[in-house]
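In case you want the letters, here they are:
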Amino acid sequence: DARVTQTPRDKVTEMGQEVTMRCQPILGHNTVFWYRQTMMQGLELLAYFRNRAPLDDSGMPKDRFSAEMPDATLATLKIQPSEPRDSAVYFCASGWGLSTDTQYFGPGTRLTVL
Amino acid sequence: AQSVAQPEDQVNVAEGNPLTVKCTYSVSGNPYLFWYVQYPNRGLQFLLKYITGDNLVKGSYGFEAEFNKSQTSFHLKKPSALVSDSALYFCAGDSYQKVTFGIGTKLQVIP
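Those sequence lines, one after another, are chains A and B.
Numbered by this note's numbering, the letters in the first sequence go through residues 1 to 114 in order.
Numbered by this note's numbering, the letters in the second sequence go through residues 1 to 111 in order.
Everything labelled a hint here was simulated from the structure, so no lab data went into it.
Some hints here could point you the wrong way.
[Claimed, not checked] Pair ranges (Cβ atoms, derived): (1) K58(B) with A72(A): 30 to 36 Å; (2) E64(B) with L55(A): 31 to 37 Å; (3) T38(A) with Q108(B): 44 to 50 Å; (4) G16(B) with G16(A): 30 to 36 Å; (5) K77(B) with D10(A): 23 to 29 Å; (6) S3(B) with T7(A): 40 to 46 Å; (7) R52(A) with S28(B): 43 to 49 Å; (8) R85(A) with Y39(B): 25 to 31 Å; (9) E8(B) with G16(A): 38 to 44 Å; (10) L56(B) with R22(A): 39 to 45 Å; (11) E8(B) with T7(A): 33 to 39 Å; (12) E83(A) with K58(B): 43 to 49 Å.
For clarity, every value in this text was computed on a predicted model and none was experimentally measured.
For every residue, glycine included, the Cβ atom is placed at its ideal position computed from N, Cα and C.
This is chain A alone, in the form it adopts within the complex:
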């Protein structure tokens, strides 16, 4: 049963610290999405990659957030420096990238910045 995995599941850190979240997409999927979920904003698309290339990162604060895919089995989302307003659940999803395709979500990383 193929699944998207994310690590860590929970992260508590202090303001100013660097945070790195990792995602392993389903093998064979060529598109990876990063979302942020908060009570106030709901589910926001931060960035997405196709064939490891960034296609759209317009939803991501550029000054502190960065997203990469070092290889086809790993996507990372980094926040440096972190701020309390970054506290949220961050989801990774993968798929084949067509408009008609389903996205498969990971369990999320719950980030708390104190």
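Position chain B against the provided structure of chain A, taking the given hints into account.
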């Protein structure tokens, strides 16, 4: 521009009664519409999607959705609600390979 709207923050329904979770869309081109469900502390799970063809789409766990082009709606339905259906439901629309999610509707099924 594209968007999907879920007009209800929360829907309460008694167990055994039919349920409807509403979604309206505004997308350019051919709309591809999805419903996802999120259980507590879990990621979103796919329920069903409309691509083309029959306006009534059947999905997982007994859910179905009706695509209505004239009303630009894609409401999620189930004939008989279960307590285990209580969760957060998201409508999503995809056009030109960019997906937009609604704000989510919390469904509470009361025993």
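Comparing the hints with the structure gives:
1. A C-beta distance of roughly 34 Å is found between K58(B) and A72(A), which places it inside the suggested range of 30 to 36 Å.
2. Between E64(B) and L55(A) the CB atoms are about 33 Å apart, so this pair conforms to the stated range of 31 to 37 Å.
3. At about 21 Å, the beta-carbon gap between T38(A) and Q108(B) misses the expected band of 44 to 50 Å.
4. With their beta carbons about 53 Å apart, G16(B) and G16(A) fall outside the hinted range of 30 to 36 Å.
5. Judged by the Cβ atoms, the range 23 to 29 Å given for K77(B) and D10(A) is violated: they are separated by roughly 35 Å.
6. The hinted window of 40 to 46 Å between S3(B) and T7(A) is violated, with their beta carbons roughly 33 Å apart.
7. Taking the beta carbon of each, R52(A) and S28(B) are about 29 Å apart, not inside 43 to 49 Å as hinted.
8. For the pair R85(A) and Y39(B), the beta carbons lie near 26 Å from each other, so the given range of 25 to 31 Å is met.
9. Between E8(B) and G16(A) the beta carbons are some 40 Å apart, a value that agrees with the proposed interval 38 to 44 Å.
10. One distance hint, 39 to 45 Å for the beta-carbon pair L56(B) and R22(A), holds here, with the actual separation near 40 Å.
11. The hint said 33 to 39 Å for the Cβ distance between E8(B) and T7(A), and at roughly 35 Å that hint holds.
12. For the hinted restraint 43 to 49 Å between E83(A) and K58(B), the CB-CB distance of approximately 45 Å keeps it satisfied.
Checked against the numbered hints given earlier, the structure breaks hints 3, 4, 5, 6, 7 and satisfies all the rest.
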